[in-house]
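J.: Heads up: the sequence lines are chains A, B, C and D, in that order.
Its first residue numbered 1, the first sequence is counted upward by one per residue in this note's numbering.
Its first residue numbered 1, the second sequence is counted upward by one per residue in this note's numbering.
Its first residue numbered 1, the third sequence is counted upward by one per residue in this note's numbering.
Its first residue numbered 1, the fourth sequence is counted upward by one per residue in this note's numbering.
Incorrect hints may have been included.
Claimed, not checked - With a cut-off of at most 30 Å between alpha-carbon atoms, the simulated DSSO-like pairs for lysine-lysine come out as follows:
1) K105(D) / K23(B)
2) K23(B) / K89(B)
3) K105(D) / K89(B)
It is worth saying that the hints were derived from the structure and are not from the lab.
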Amino acid sequence: MTPLHHATLGVDGTYPLLLGLWLLPLLGAVLCWTFGPQLKAAAGWLATGFLGCSFAATVLSWPAGTQLIGGAHGAHQALLSWLPGLDFGLLLDPLSLLWALVITGVGFLIHLYSIGYMHGDRAFARFFAYMNFFVFAMLTLVLSDNFIGLLVGWGLVGLASYFLIGFWFERPSAVAAARKAFVLNVVGDVGIMAAVFIIVAHVGSIGFGDVFAASPGFGTGVLFAICGLLFVGAAAKSAQIPLHTWLPDAMEGPTPVSALIHAATMVTAGVYLIARCAPLWSASPNAQLLVGSIGAATALAGALLGMVQWDIKRILAYSTMSQIGYMIMGVGVGAYDGGVAHFLTHAFFKAQLFLGSGLIIHALANEQDVRRMGGLRSKMPFAFVAMATGVVAICGVPGFSGYFSKDRVIYGTLEHGHPWLFGVAVVTAGITAYYMFRMLFVTFMGEYRGDVDHVHLPDWTMNLPVGILIVPTIGIGWLMFGGDASPWNRFFAGQFASGAPVTQPAISEGLTTWIVLAVVAAGIGIAYLRYGTATASADAPARLEREAASVPPVLANAFYFDAIIDALFVRTSQGLGRFLGQTADPLLVDGAVRETALSAGWLGALTRSFQTGLVRAYALVLVAGAACLIAYYALAPGAFR
Amino acid sequence: MIAFWVLSVVLIASAVWTITAQKPVYSVVGLLANFAALAILYLTLSAEFLAVIQLIVYSGAILVLFVFVIALLSSGVAPFAAGPNRMPKAALPAVALVCVALGFVVFAVTRGEVAIPPPPAGSTSALGPVGTADVFGSVGDFGKALFTTYLLPFEVTALILMVAVVGVVLLSGTAPAKAPTRRRAAGVRRELREAVVRDGEDRR
Amino acid sequence: MNALGLVLLPFAGAVAIWLLPRDNRTAARALGTLVALATLALTPAWATRAFSVRWLSRPFAAAFHFGATPLSYWLVLLLAVCSACAIFAANVPRARDFIAWMLVLEGSMLGLFLARDLLVFALFWDLMLLPVFFVLIGWGRHHGTAWRYLIYNFSGGLALLFATAAFGVLDGSTDVIGRGDVHLIGSWVPWIFAGFAFAFLVKTPVFPFHTWMPATYSDAPGPMVAVVSGVQSKAGLYGFIAITLAFLPDYLHQYAGLLVGLGALSILYGAFVALVQNDAKRIVAYSSLSHLGLIVVAIVAFQPLALAGAVLYMVAHGLFSAALFLALGFVEEREGTSLLSRLRGLGRDNPRLSGALCIGALAALGLPGLAGFAGEIAILIGVYQSGLVWVTAIALAGIVLASAYVLRMFQDVMNGPVSPDLPVRPDLTWREGLAIAPLAAALILLGVNPHAVLTASSAQSPPVATAAIEPPR
Amino acid sequence: MIENALPVAIGNYVGLSAVLFFIGLTGVLIRRNPLVMLMSIELMFNAANLLFLAFARAWVHNAGHIFAFLVITVAAAEAAIGLAIVVAVFRDAPFVDVDEVRLLKG
């Protein structure tokens with residue numbers, strides 16, 4: 001079943017830098033884990049340092065990752081033969097290079113931030129061990145040159161996410177959230193596994209290159225099955241409907257975790273997977289329609305739910321879900337560069353937003369309810385600037401990064417012939433603008449409504465990363481400016497060559513931009529009228545309470561997804577388990593065994609009753625036996641001639 | 001022929017007497033009569049040596065042993081007595097059924113002509129009047145057969161007798177075996193119960 | 001020396017330990033560990049050196065023939081590792097007797113795995129039940145559990161013995177394990193197959209023959225369960241591969257549907273029942289039912305990769321269930337209970353204990369990168385390729401359920417607020433940690449590079465494995 | 001010389017033997033006194049002996065005599081052992097009744 005020669009995507013060779021950037025975070029994790037008690041506060045610096053080295057190695061790997069020799073794009077490093085016919089290796093091409101840069105770069109900043117944020121926690125070293133381990137796992141995911149390696153990374157990031165969501169494991173809510181996140185992500189893992197089985201059965205290899213080379217030979221059904229199952233994994237990891245319910249709960253973790261894992265990197269793994277498997281998706285219009293629709297639905301649902309949240313991190317969580325919906329929609333319909341672009345900008349502005357909210361939460365002694373904030377602009381001007389740039393960027397205000405990427409996604413839906421998705425995307429953009437500005441206004445405008453007397457301003461380790469992130473939050477989008485001549489398009493020129501054919505939509509790109517901008521402006525305007533004006537902030541506490549009480553139940557219950565999943569799967573499984581464990585196992589299965597044993601005893605009791613101990617009874621039985629024998633001979637034919 | 005019928009009547013009557021007599025001693029007397037009649041019947045069958053053995057061994061040895069045992073047990077606390085009949089009631093029809101079955105067999109056998117298979121090979125003396133030397137059934141005839149042809153069964157018999165002797169010595173020669181009868185067990189239980197009750201009353 | 005020496009070494013160790021003073025726990029443990037480590041160290045040298053002495057010539061030829069096949073070699077290594085760890089970790093009352101019984105268990109199971117003669121195999125099969133029985137009687141909670149274990153498994157052993165005798169009469173020799181040229185013909189053969197299959201299904205166990213297992217696993221002390229669950233449960237699977245698959249492939253093909261059905265049923269049944277158990281050890285017990293069902297499916301899928309995966313997963317399951325039961329044993333020693341309703345929040349004050357349990361739990365739920373995942377992937381790729389798509393789907397559902405019940409077990413013990421009812425105990429001692437560390441290391445190693453096990457076990461054993469996995473004639 | 005023929009037809013001996021055996025059997029079954037039971041057993045032995053001798057006479061062959069002799073020996077041994085057991089069991093018993101001895105009750 002081993003193909004004679006593998007079709008690898010990158011240039012084969014030995015790349016020490018690649019190995020270094022991959023393994024350094026693992027080393028950091030192991031050191032922090034092993035020597036945690038000895039390292040104490042130094043653990044944070046150690047982990048951050050290792051990650052910084054990893055980032056540096058990633059940057060230095062740029063030439064290797066973008067090299068183009070004889071059709072092979074990027075660098076390929078063979079590792080080992082994992083199972084017969086299933087080989088592991090690392091692949092650094094523009095796509096994985098981009099992800100690796102974001103993971104190590106943003107990861108480095110968030111590590112730095114965490115040194116301040118997690119200061120004084122009793123499990124400080126453990127936190128950094130988990131964080132470094134997460135980076136290693138995420139790098140495994142994006143650097144793998146094959147589906148099982150990707151699956152390994154996929155599972156390990158799930159584990160890291162589980163550890164970090166449940167980091168404060170003395171809180172029952174955190175424990176429950178961690179378990180939910182892990183189990184739902186295992187559903188996704190299982191989807192990818194199933195896809196791998198089909199792939200191995202048809203290709204005999206798990207390497208991306210082999211699979212993509214063989215993909216033209218797949219039937220439509222096989223292709224759709226593979227894409228659909230892969231998307232189960234993508235949906236679970238990227239919080240797409242209906243596997244999204246873990247993401248809001250995941251905010252139980254420390255805020256830097258939310259920024260790194262549940263905003264910037266891990267949750268975009270689904271986007272990476274689809275972009276990586278672009279040749280498969282491009283060949284399956286059914287899969288494109290399915291994934292695009294689910295992405296759009298998720299974008300809309302996340303935005304709708306984001307409108308009625310009061311916990312600042314849950315607002316950001318639903319916005320994450322919504323924005324990933326955009327990305328999935330983009331890569332799903334075939335606008336791969338658009339979806340990936342939105343991943344890049346989102347990684348920065350969402351990390352920015354989460355770190356900014358972390359500044360507030362840290363300052364207000366772990367207060368997360370925006371109703372108990374307000375008026376923070378004067379108290380925390382730096383946080384305000386940070387949050388405001390993030391909000392402006394996510395809303396797609398021209399000039400800020402989100403504008404460029406979101407525009408590409410929205411126009412991409414039209415280009416690939418999905419006008420309905422275009423409509424959903426535009427509406428969602430408006431809602432996004434509304435609820436993000438709502439958060440901004442409620443948090444920073446008006447009077448302070450909480451009861452924290454002294455605002456605890458964070459130290460430089462927390463402020464510096466936020467400050468640095470402002471730059472790409474504003475500026476990274478300009479890479480995508482300029483159409484085909486933009487640096488972005490040139491960077492990905494060889495990557496998505498096999499994308500679906502682009503049709504010329506009825507309305508031009510300029511017009512769509514204006515439509516989007518109008519909707520966004522409307523959203524901002526409504527938010528301003530409801531929360532930003534002086535009259536609105538005058539009786540803010542009472543108004544917010546009223547508003548909280550009047551949330552429609554369907555939104556308050558998050559479209560009942562939790563309840564439905566609970567009723568359909570959790571309760572059913574538990575009920576079945578209870579029936580089997582408490583009724584079937586002891587009564588039916590073991591009952592049969594016990595009856596067998598008892599019947600032996602019953603037989604013994606029966607024969608025992610013959611043993612009366614009476615000599616005469618024994619004699620009688622003996623005589624009866626003799627009589628039977630005699631009768632047999634007497635009655636047998638010819639006994640007496 | 002007349003002797004056969006007379007002896008038959010005596011045999012059956014004495015046998016019935018044996019199993020129905022109230023006292024064991026009467027049974028012994030019945031058995032004695034039975035053995036004696038049987039010995040005479042043996043004589044009519046030209047088995048003079050066995051007739052004598054019958055008298056000596058059965059009447060002389062075994063029956064005397066019975067009488068001794070009767071005397072031994074009678075010298076105990078009470079005359080022979082019996083507890084309640086513990087045979088299950090279901091045994092009665094069973095006994096009846098067995099009787100009918102056996103009776104049927106007897107009836108069938110005596111009614112028909114019993115075919116006598118040809119005699120086995122082997123030398124034996126010719127028939128002659130009882131009391132004559134070396135005729136069929138005489139001491140000489142019997143002895144020759146026993147110590148030549150049937151030597152091995154004879155030796156085995158000796159072994160059986162030896163085992164019996166050893167067994168008897170073991171059974172009755174040691175300390176009196178306790179017979180854990182139900183009645184005694186019930187008595188012991190009753191005593192224990194009474195002792196416990198007394199103990200409880202004392203404490204009170 | 002040779003394989004016989006390897007089998008006798010633990011027995012000699014047990015005798016030596018019984019000669020020690022009754023209350024000398026330290027010396028007993030040191031000697032026991034030494035013997036177990038010596039067995040482990042000598043395994044590579046001695047296990048493959050065969051020993052054979054003629055035993056019976058009538059009614060069939062039999063020999064005291066010992067020696068590792070490639071398949072049994074890995075199981076012997078697994079046994080040696082698990083036994084050494086369990087003996088080193090043993091901290092039970094009357095430790096001297098316990099450790100001696102552990103060595104008897106190791107010796108009898110070494111005899112089982114190294115036996116090349118079916119009759120010797122059957123005798124060691126029954127012998128390996130006795131130490132467990134005596135430990136259940138002496139250290140368990142209910143005598144009923146011990147009797148149930150013994151009678152249930154002895155009935156399997158009886159079937160095995162009958163089948164072996166019939167096999168010997170038909171073939172003329174029972175000195176066959178590892179030979180590929182045995183072909184049984186006759187009207188008895190279905191019954192021989194039935195006897196073997198019954199014994200192996202009970203020992204594994206597979207639904208519906210599993211009801212002895214949860215009670216046994218929850219009653220016996222942790223170290224003993226670690227070996228019983230980790231290694232003894234592999235005896236049945238080993239028998240399936242080395243005996244049934246090798247000598248009776250036609251019948252295995254004929255009844256493959258039934259066995260696949262039982263295996264699939266075990267996967268789901270064990271998973272669902274584990275979901276709601278209250279005793280942590282019972283959760284692991286039912287998870288074993290689920291995992292071992294998957295291996296049974298893998299064996300009767302008749303696919304090289306699935307079979308290789310089955311071997312890999314046998315080793316992996318041995319390692320992680322040993323780690324889990326050792327860790328749960330530590331929990332039970334500390335808190336006096338393994339009930340989830342009473343345990344809570346141990347992780348705050350026992351981070352190392354938490355880590356030890358965590359490694360086992362993660363391997364059990366098939367975390368990528370650990371050995372369990374490699375086995376599952378290999379098995380399921382093979383099973384899928386053999387056309388059993390619905391079984392693959394069931395196994396995947398089992399994986400999801402596994403994550404749910406394993407996490408529930410782990411989190412309910414280690415996470416949550418610290419319970420005021422539970423006494424605060426010291427964290428994992430260096431001795432306990434050292435007992436679990438080799439298992440964890442092996443789990444990671446096998447997860448990262450499982451190819452080593454597979455090449456060594458599948459390539460070198462054509463008579464055992466690959467010859468029998470051709471499609472039926 | 002006397003005639004070769006039996007005094008009466010062989011069937012009469014068989015019938016007489018059967019009746020005697022039957023009476024002995026009834027004795028064993030209905031009596032509870034161990035001594036009488038032993039005597040009944042002797043009756044059965046003798047019934048068998050009668051048959052042996054009748055057939056020996058019919059054939060003029062002394063194998064039947066040898067058998068009868070052996071039966072008598074065994075009967076003697078049996079009586080000795082049986083009586084010893086009776087003495088051992090009932091020496092101290094207030095009742096001489098086999099129904100009172102139920103050591104074999106399961």
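J.: The structure should be examined with respect to each hint, and the outcome stated for every one.
T.: Do the hints match the structure? See the list:
no.: 1; hint: K105(D) / K23(B); in the structure: holds (28 Å)
no.: 2; hint: K23(B) / K89(B); in the structure: holds (25 Å)
no.: 3; hint: K105(D) / K89(B); in the structure: holds (18 Å)
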